[in-house]
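Chemist: If you're matching them up, the sequences are chains Y and E in order.
When the first sequence is numbered by our numbering, its final residue is 317 and no position is left out of the sequence of numbers.
When the second sequence is numbered by our numbering, its final residue is 1280 and no position is left out of the sequence of numbers.
There are no misleading hints in this set.
Simulated restraints on C-beta separations: (1) E:Leu1193 to Y:Asn258: 39 to 49 Å; (2) Y:Met135 to E:Asp1184: 29 to 39 Å; (3) E:Ser1026 to Y:Thr178: 51 to 61 Å; (4) Y:Lys195 to E:Gly1097: 50 to 60 Å; (5) Y:Gly162 to E:Asp1253: 41 to 51 Å; (6) Y:Met181 to E:Leu1193: 49 to 59 Å.
In case anyone wonders, no lab produced these hints; they're calculated from the structure.
As the structure is a prediction and not an experimental result, all values here were calculated from the model.
For glycine and all other residues, C-beta sits at the position ideal for the given N, C-alpha and C.
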Amino acid sequence: MKSYKILDNKDTRSGFGVGLLQAGQADERVVALTADLKGSVKMDSFAKAFPDRFYECGIAEANMIDVAAGLATAGKIPFAGTFANFATARVYDQIRQCVAYSNKNVKICASHAGVTLGEDGATHQTLEDIGLMKMLPGMTVIVPCDYQQNIQATVAAAKHVGPTYLRFGRPKRPVFTTPDMEFVIGKAQLLNEGKDVSIFATGHLVWEALVACEKLEERGISAEVINIHTIKPLDVEAIIKSVMKTGCAVTAEEHQLNGGLFDSVAQAVIRHNPVPMEAVAVMDEWGQSGTPDELLKAYHLDSDSIVGAVLKAIVRK
Amino acid sequence: MNVNELNCVATQVRRDVLRMINGAGSGHPGGSLSCTDYIVSLYFSEMNVNPEKFTMKGENEDVFYLSNGHVCPALYSVLARRGYYPVSELATLRKFGSRLQGHPSISHGLPGIRMASGSLGQGLSVAIGHALAKKLDGDKSIVYTLHGDGELQEGQIWEAAMFAAANKVDNLISAVDYNHQQIDGRVEQVVSLGDLKAKWESFGWIVFECNGNNISEILVALKKAKSMLFNGKPIMILLHTTMGFGVDFMLDDCKWHGTAPNDEQLSAALKQLPETLGDY
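If we strip away everything but chain Y, and leave its shape as in the complex, we get (with noise of 0.2 Å):
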């Protein structure tokens, strides 16, 4: 079993911050826009170094992302970030008619996503933005792991033509990635191979997986981890490659269980290769305020919660 360690503890939206810098200075199409949230979703540095391609679009998320699209219309390569919410619920017909349907090259960034976001509480505990977004045909979603993941996604969104959703969290969780660990859109990343369980896991829940596998370790049974950074197009053929050999399965992601990663993995298990699967999500819920380990906890989406769920697919196999 592979080993990983924490190498630092930083918060996913840092590790945008720095990519969106990265493909600001490698292409200049690259332009970024806010909603009065420059800081929180870390535009700061992009801001200062490119103050000519940088929008403030003040708190007017519906203009922004529209402005967006008539930017990527004129060849540019807007990047519009706020909070996952404000990002997707709120400006769904701007996406679905400007971005979408349109086929416009804007990249949507998503900050605070998920309950992780903490103490904020339901208002901005995004858990239904995935669903959303991968409704909407030609839609990439993307939901990287840790902050070092982060700066690989951000990067391969601007290179990538075509309307993406780039979803990640607001605090400091555990970072395990490395900038050597390959990162291309729509290729599902095995972060541990086993052979009695695939868990299929997805931003702040692949360590959470990753903790589980060790727990399962203690007690005999192989555990395959999988991160599937990419929930659109989604990598069927490592999916299903995983689940011929291990026989079960169990998904894990901070989002409601309809309109997630369980509903994309079990399309497209029960279409190839149907074996019994368990998930972890939020079972059509609302977020509450505290802490995000005391809301992984009760939500059912910590590592322990990750073992029991293996335990029932297995037992089902």
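Please arrange chain E on chain Y, whose structure you already have, making use of the hints.
Modeler: Just chain E now, kept in the frame of chain Y:
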């Protein structure tokens, strides 16, 4: 083109609009007829465009965004008559497989269309984005938009209005087809827009007004508007128009917002609009 020639084009466009909507059996004639004179003036007199080589980016050419997408029959006819695609294609409006979708779409690849519209209130923001990109690129050409008056009830319009003034988007000329009609009745009765000129001015825009169904007046207003470009402020033209202009029984009646003329009504309407450039 002189005013007489532009009027001839406008008359033919109105014929096209009515024949297209009748052929489709559905569509929006009222607003299409009220905005015809403005779109004809833009494409046949004022805008620097390149119909033979349409590009999404529109580098070094003027670009136009139709924000109230439902009046697209007028734009489709103007684009065809201006040479973007064959006029024969106008017969396919709203038909399966057509590039002339019920509301403008880019996914079907119709030259001249840069953005889908139909869900209202979005075109101003899009145009501002394009205008900002032109500024970054040092491209001195102009971005134009057209909006319905009812559309101004959408909050996003005012987000965009505020943003454009704050960012000195001064390579933009927007216009409102102020025909006072929307689906549920007169705009003043549905939700009044109040003093529209004062509203736009208070948002930091330069505002001009003209009779939007009189091409001479439109050209004067556009000349004045163009003289104010690149002065740090966005520009708005309020086009005072009449819904259904050109067809007596459609005038100023919201019933014609979204009703197709039947064959009898079409024939009565076409008698008021002589064929000038040849029907498609």
